[in-house]
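Participant: Dock chain to chain to rebuild the complex, using the hints, since each chain is given by itself in its own frame.
Sequence order for the protein chains is A and B.
The opening position of the first sequence corresponds to residue 1282 in my numbering, with each subsequent residue numbered one higher.
The opening position of the second sequence corresponds to residue 1069 in my numbering, with each subsequent residue numbered one higher.
Everything labelled a hint here was simulated from the structure, so no lab data went into it.
Treat the numbers as computed from the prediction; the structure is a model and nothing was measured.
Among the clues, some could well be false.
What the hints assert, rightly or not - Capping the alpha-carbon separation at 25 Å, the derived lysine-lysine pairs in PhoX-like fashion look like this: (1) A:K1360 - A:K1396; (2) B:K1135 - A:K1375; (3) B:K1081 - A:K1360.
Take a look at the letters that make up each chain.
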Amino acid sequence: MSERQLPGFIMCVCTGKCPGFQAMDIWDFINQVRVELPVEYGFIHPQLCEEDGDRFLADFLKAHRKLIIGACAPNMQRKMFKQAFIDAGLDIEKDAVMLDIRDMTNEKAIEVVKKALSDLGFEEA
Amino acid sequence: MSESTFMGVPREKIDWSPRIDYEKCNYCMECVKFCPHDVYEVRENEDKKLIVKNPNNCVVFCRACGKTCGVDAISFPNKAEVTNKIKQLRMEMEQNG
Ligand code: SF4
Ligand code: SF4
Ligand code: SF4
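Okay, chain B solo, but in the shape it has when bound (with noise of 0.2 Å):
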């Protein structure tokens, strides 16, 4: 059994969660206030003061950190590739299953 699913497949096999464009982001931490779930994690002492460390930790099609986002620099996945390959990953492993 997989620990977390979503759609009925594993959540480690969906590529869903934000990507930050270093060009944009100011680093105003907005983005991480809001996020509850330990997706960001802030490094003070280095040139990219964040980084997404845990992908798996996003919830699946939220997207709202990026609406706190000032600048824009937050992007997502296309929604409906993903959901194409959830759909995907669900028909192989019913087929193997």
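Pulled out of the complex, with its shape left as it was, chain A reads as follows (with noise of 0.2 Å):
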């Protein structure tokens, strides 16, 4: 592979207001990943899956960076965001690593971002 381009993570945190994240702190985990993380960027997005989320997609894609989404269940990401992908002329399976990160501690999340970035190539500096 010529260049190593990082990829960016969004962090989707279902409107904020959800259980799913009450166990962390969602401030201090997207700060750690998007300083500490071999990433290029790190932000949430409050709700990916809503009709603001899918215009949001469909120009954040252009982009062609490969993206790591810290969300929900992988199955049910997959089958929200695949047009998404496809209109941009990607493939979900290939650009995207999608993280189920719920009813998580910032640690475990962290450790599972980790994980992922590592699978990709990419180590803490």
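Facilitator: What follows is the structure in structure tokens.
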């Protein structure tokens, strides 16, 4: 492979109001991901599977960068985001890694993201 | 202070939760498996083996479990109507506040 472009990280938090993220300090988590882990950037989207999430993905995926999405069940994410990836000329299986980080503490969720990055060949500096 | 708000109004005043069409539901429990928010309750020994127990735990505007349902037995309220209701409630609260 010629260039190793770091992946982007989107965390989806179910509007930020859901009990699934109660065990986590989402701000500490996203800050740790974006500052410490080998990602190009990290940010929080409130509800990727809503209509504005579709519109956001339609715009955002044009950048053609590999994405890690930390949200809910991967099979569900696959269903919900598949079309957006196809529309952008991408393949959700190859161009995204989908993680379920619900009902986790920060420590646990960070481990899950680190492992995904390391599986992609990116280790912490 | 209200326990939990959404877009500035108390969550319990917002009518958003899944509706199960019992004519269609085959109790595969995919929806229950997906949702981590304790919205549903499984009732093994009853006719309706699945009920919406805690509607206010449902994330407003989420429809994700509906997408897990193979037979399309889950529906949700009309989003535009719910949005209008939220705006109206917020206005009332501002006037009374
Ligand atoms: S994509 Fe998943 S985590 Fe994000 S709002 Fe939808 S159900 Fe919640
Ligand atoms: S709509 Fe979302 S939050 Fe509500 S019951 Fe379904 S999965 Fe749970
Ligand atoms: S996913 Fe659909 S069919 Fe399965 S239990 Fe839920 S409502 Fe019923």
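Participant: Evaluate each hint against the coordinates.
Facilitator: Going through the hints against the structure:
For the proposed pair A:K1360 and A:K1396, the alpha carbon gap of about 23 Å is at most 25 Å, so the pair holds. As the CA atoms of B:K1135 and A:K1375 are separated by approximately 22 Å, the hinted pair is consistent with the 25 Å bound. Of the supplied pair hints, the one linking B:K1081 and A:K1360 is violated, its CA atoms being roughly 31 Å apart against a limit of 25 Å.
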